[in-house]
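Student: Construct the entire structure; sequences and hints are all you get.
Listed below are the residues making up each chain.
There are 4 protein chains.
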Amino acid sequence: MKDFLYSLELKVRDYECDLQSVVNNAAYLNYLEHTRHEFLLSVGLDFTKLSEMNLSPMVYRADIIYKTSLVSGDIFISTINVSRKGNLKILFHQKIYRKKDNKLMISATITKVIVKDGKAYNPDFYFKAINQE
Amino acid sequence: MKDFLYSLELKVRDYECDLQSVVNNAAYLNYLEHTRHEFLLSVGLDFTKLSEMNLSPMVYRADIIYKTSLVSGDIFISTINVSRKGNLKILFHQKIYRKKDNKLMISATITKVIVKDGKAYNPDFYFKAINQE
Amino acid sequence: MKDFLYSLELKVRDYECDLQSVVNNAAYLNYLEHTRHEFLLSVGLDFTKLSEMNLSPMVYRADIIYKTSLVSGDIFISTINVSRKGNLKILFHQKIYRKKDNKLMISATITKVIVKDGKAYNPDFYFKAINQE
Amino acid sequence: MKDFLYSLELKVRDYECDLQSVVNNAAYLNYLEHTRHEFLLSVGLDFTKLSEMNLSPMVYRADIIYKTSLVSGDIFISTINVSRKGNLKILFHQKIYRKKDNKLMISATITKVIVKDGKAYNPDFYFKAINQE
Chain A
1 MKDFLYSLEL KVRDYECDLQ SVVNNAAYLN YLEHTRHEFL LSVGLDFTKL SEMNLSPMVY
61 RADIIYKTSL VSGDIFISTI NVSRKGNLKI LFHQKIYRKK DNKLMISATI TKVIVKDGKA
121 YNPDFYFKAI NQE
Chain B
134 MKDFLYSLEL KVRDYECDLQ SVVNNAAYLN YLEHTRHEFL LSVGLDFTKL SEMNLSPMVY
194 RADIIYKTSL VSGDIFISTI NVSRKGNLKI LFHQKIYRKK DNKLMISATI TKVIVKDGKA
254 YNPDFYFKAI NQE
Chain C
267 MKDFLYSLEL KVRDYECDLQ SVVNNAAYLN YLEHTRHEFL LSVGLDFTKL SEMNLSPMVY
327 RADIIYKTSL VSGDIFISTI NVSRKGNLKI LFHQKIYRKK DNKLMISATI TKVIVKDGKA
387 YNPDFYFKAI NQE
Chain D
400 MKDFLYSLEL KVRDYECDLQ SVVNNAAYLN YLEHTRHEFL LSVGLDFTKL SEMNLSPMVY
460 RADIIYKTSL VSGDIFISTI NVSRKGNLKI LFHQKIYRKK DNKLMISATI TKVIVKDGKA
520 YNPDFYFKAI NQE
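Going line by line, the protein sequences match chains A, B, C and D. Residues 1 to 133 (the working numbering) are what the first sequence spells out, left to right. Residues 134 to 266 (the working numbering) are what the second sequence spells out, left to right. Residues 267 to 399 (the working numbering) are what the third sequence spells out, left to right. Residues 400 to 532 (the working numbering) are what the fourth sequence spells out, left to right.
Hints are computed from structural coordinates only; laboratory data are not their basis. Check each hint, because a few of them may be wrong.
Only pairs whose alpha carbons sit at most 35 Å apart, straight line, appear in this in silico DSBU-like list of lysine-lysine [stated by the list, open to error]:
| id | chain 1 | residue 1 | chain 2 | residue 2 |
| --- | --- | --- | --- | --- |
| 1 | B | K222 | A | K99 |
| 2 | A | K116 | B | K232 |
| 3 | A | K49 | C | K394 |
| 4 | C | K277 | B | K200 |
| 5 | C | K333 | D | K515 |
| 6 | A | K99 | A | K119 |
| 7 | D | K448 | B | K261 |
| 8 | A | K100 | C | K385 |
| 9 | A | K85 | C | K277 |
| 10 | B | K182 | A | K89 |
| 11 | B | K200 | D | K488 |
| 12 | C | K385 | D | K518 |
| 13 | C | K365 | D | K410 |
| 14 | D | K502 | C | K315 |
| 15 | D | K498 | C | K351 |
| 16 | A | K100 | C | K366 |
| 17 | C | K333 | D | K499 |
| 18 | A | K89 | B | K261 |
| 19 | D | K448 | C | K369 |
| 20 | C | K333 | A | K128 |
| 21 | A | K103 | B | K218 |
| 22 | C | K277 | D | K466 |
| 23 | B | K182 | D | K502 |
| 24 | B | K232 | D | K499 |
| 25 | B | K218 | B | K261 |
| 26 | B | K144 | D | K499 |
| 27 | D | K502 | C | K333 |
| 28 | C | K382 | D | K518 |
| 29 | C | K315 | A | K49 |
| 30 | D | K518 | B | K233 |
| 31 | A | K116 | B | K236 |
| 32 | A | K67 | B | K261 |
| 33 | C | K351 | A | K103 |
| 34 | C | K277 | A | K119 |
| 35 | A | K85 | B | K182 |
| 36 | B | K252 | C | K315 |
Tutor: Here it is as structure tokens:
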């Protein structure tokens, strides 16, 4: 039933909460990015390495459904799955669950492309690294 | 040809840029929220007022397409249009254009619902305020 | 040689880094706040409780010396000590060390006062909670 | 009575406010940085130029007194003065005033050094640019 490749446990920080006493919508993008980078690091794909190869992974699309709001004190599990769309797009399927009751807080699909010299670059090396995990 | 109800001119702040020397993906969510709040304020719908009515506008969905990256020094125009979906959903159609060449940087649809006592609340008052502008 | 009351291990998140490829100066304030709140929570002083007592802890002063910059990938230890200044001020002595070599990255003194009904409030209960730890 | 070299008018954005319904302490560091960068740009010292000269301006110290809290909706004026300390340190004297009543919200001294190849670099060029304004 483990439907993800990688997961990270994090805790809400009070400065991430806003006037409405919930985690601000933008902060989830931070959580999602941090989870992706930690995941990629875990399979040997870090930003420094990609930079040396003159490759820039760019977010092309973000589609997020906010189910329930995280609040101060909440611990949560941020999970990732990956798939490919067409030749060039990498889809990160990301979910965040509140730890205490496993409730789904947000569900997101983040589409990335790898850019080299201003053009989309074939992400075969990406999927090779991920699948060797 | 003016296809928006409201627009706001802003400038990239260097702390919004990240390791890749472009505005971080999450920072656009901040721009979009700030534009929505300024727009709503301009039609008399501020957070204090809504709070007094015990109403909580919540982001339910965010769908963002990143076309081109804003960088340090860029001035941009953030525009808003609004439509209704079904009875309860408010759609904010938001675009960000780079000022110097009017190039579209991002295009987003943010779906909000108004919550009162844990249930979705009819947003008629919202559209009334917006259309009276 | 343990010269702190509490410590927290954290890792730099890439979105906290800026154009200069180091953690942005403002992000350290986030780290320091999160460490204080986690520390206070560990001795039973959470924001909800204080709110119920109508007490607002406010930062009155922040004095920070930046020694070396944290960068992407760094793990660090954030430590706290507390002392009292005069009757009303609480001083948080906070240091951040890079984990891999125990190098001091920043050293800060954050001065807080507890405000109740617009006036400074005696923080005896604060020190009582801390010392009972 | 104009006791500053440069000033910038800004408005609080709701996402900068936290659980306590005031601008979060760390957000002021963002305001101060943005004001410095805009000021430096106005005298021809932008980050790109400095980078080309292989120079990294680094914050060495930040001393901030928080007088009153900015809240949602506040417009404020962020002012800068500059002085030199010793041979190598640049002091930015920065104040933030609430626009509606000219009340001082925060007062800060930010100490910077210019680093080149890991060593502090003589900031004569900096003061020359500033004084030619």
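Student: Does each hint hold? Answer for all of them.
Tutor: Status of each hint after checking the structure:
Distance check on the hinted pair: K222 (chain B) and K99 (chain A) sit about 29 Å apart at the alpha-carbon level, within 35 Å; holds. Between K116 (chain A) and K232 (chain B) the CA atoms are separated by roughly 26 Å; this keeps the pair inside 35 Å, and the hint holds. Straight-line distance between C-alpha atoms of K49 (chain A) and K394 (chain C) comes to about 50 Å, which puts the hinted pair past the 35 Å bound. A distance of roughly 31 Å separates the Cα atoms of K277 (chain C) and K200 (chain B); the hinted pair therefore holds under the 35 Å criterion.
At roughly 16 Å between alpha-carbon atoms, K333 (chain C) and K515 (chain D) fall within 35 Å of each other, so this suggested pair holds. Distance hint between K99 (chain A) and K119 (chain A) is unfulfilled; the C-alpha atoms sit about 40 Å from each other, more than 35 Å. Proximity of K448 (chain D) to K261 (chain B) is assessed by CA-CA distance (about 51 Å); at most 35 Å being required, the pair is judged violated. Of the supplied pair hints, the one linking K100 (chain A) and K385 (chain C) is violated, its CA atoms being roughly 38 Å apart against a limit of 35 Å.
Restraint check: the Cα-Cα separation between K85 (chain A) and K277 (chain C) comes to about 32 Å, which is no more than 35 Å; the hinted pair holds. Pair hint K182 (chain B) plus K89 (chain A) does not hold up; C-alpha atoms about 44 Å apart against a cutoff of 35 Å. In summary, the hint linking K200 (chain B) to K488 (chain D) is not supported, as the alpha carbons are separated by about 42 Å, beyond the 35 Å threshold. For the hint linking K385 (chain C) to K518 (chain D), the alpha-carbon distance of about 46 Å lies beyond 35 Å, and the restraint is violated.
Restraint check: the Cα-Cα separation between K365 (chain C) and K410 (chain D) comes to about 38 Å, which exceeds 35 Å; the hinted pair is violated. Using a Cα cut-off of 35 Å, the hinted pair K502 (chain D) and K315 (chain C) holds, with the two alpha carbons roughly 31 Å apart. At roughly 33 Å between alpha-carbon atoms, K498 (chain D) and K351 (chain C) fall within 35 Å of each other, so this suggested pair holds. Of the pairs offered as hints, the one joining K100 (chain A) and K366 (chain C) holds, with about 32 Å between alpha carbons and a cut-off of 35 Å not exceeded.
With a C-alpha separation of about 38 Å, the suggested pairing of K333 (chain C) with K499 (chain D) is violated against the 35 Å cut-off. Only pairs whose Cα atoms come within 35 Å are accepted, and K89 (chain A) paired with K261 (chain B) is rejected, the gap being roughly 42 Å. At roughly 31 Å between alpha-carbon atoms, K448 (chain D) and K369 (chain C) fall within 35 Å of each other, so this suggested pair holds. A threshold of 35 Å between alpha carbons decides the hint, and for K333 (chain C) with K128 (chain A) the separation of about 40 Å lies outside it, so the pair is violated.
For the hint pairing K103 (chain A) with K218 (chain B), the CA-to-CA distance comes to about 27 Å; that is within 35 Å, so the pair holds. Using a Cα cut-off of 35 Å, the hinted pair K277 (chain C) and K466 (chain D) holds, with the two alpha carbons roughly 32 Å apart. Distance restraint check for K182 (chain B) and K502 (chain D): the Cα-Cα separation of roughly 25 Å lies within the 35 Å cut-off, and the hinted pair is therefore satisfied. In summary, the hint linking K232 (chain B) to K499 (chain D) is supported, as the alpha carbons are separated by about 30 Å, within the 35 Å threshold.
Of the supplied pair hints, the one linking K218 (chain B) and K261 (chain B) holds, its CA atoms being roughly 15 Å apart against a limit of 35 Å. Taken as a hint, the K144 (chain B) and K499 (chain D) pair is honoured in the structure, with Cα atoms around 23 Å apart against an allowance of 35 Å. Proposed proximity of K502 (chain D) and K333 (chain C) is supported: the alpha carbons are some 33 Å apart, at most 35 Å. For the suggested pair K382 (chain C) and K518 (chain D), the alpha carbons sit about 47 Å apart, so the restraint of at most 35 Å is broken.
Distance hint between K315 (chain C) and K49 (chain A) is unfulfilled; the C-alpha atoms sit about 47 Å from each other, more than 35 Å. Under the criterion of a C-alpha separation no larger than 35 Å, the hint pairing K518 (chain D) with K233 (chain B) is inconsistent with the structure, at around 38 Å. Straight-line distance between C-alpha atoms of K116 (chain A) and K236 (chain B) comes to about 21 Å, which keeps the hinted pair within the 35 Å bound. As the CA atoms of K67 (chain A) and K261 (chain B) are separated by approximately 27 Å, the hinted pair is consistent with the 35 Å bound.
Restraint check for K351 (chain C) and K103 (chain A): not satisfied, since their Cα atoms lie roughly 45 Å apart, outside the 35 Å limit. Taking the CA atoms of K277 (chain C) and K119 (chain A), the gap is near 33 Å; set against the 35 Å cutoff, the hint holds. Between K85 (chain A) and K182 (chain B) the CA atoms are separated by roughly 45 Å; this puts the pair beyond 35 Å, and the hint is violated. Only pairs whose Cα atoms come within 35 Å are accepted, and K252 (chain B) paired with K315 (chain C) is accepted, the gap being roughly 27 Å.
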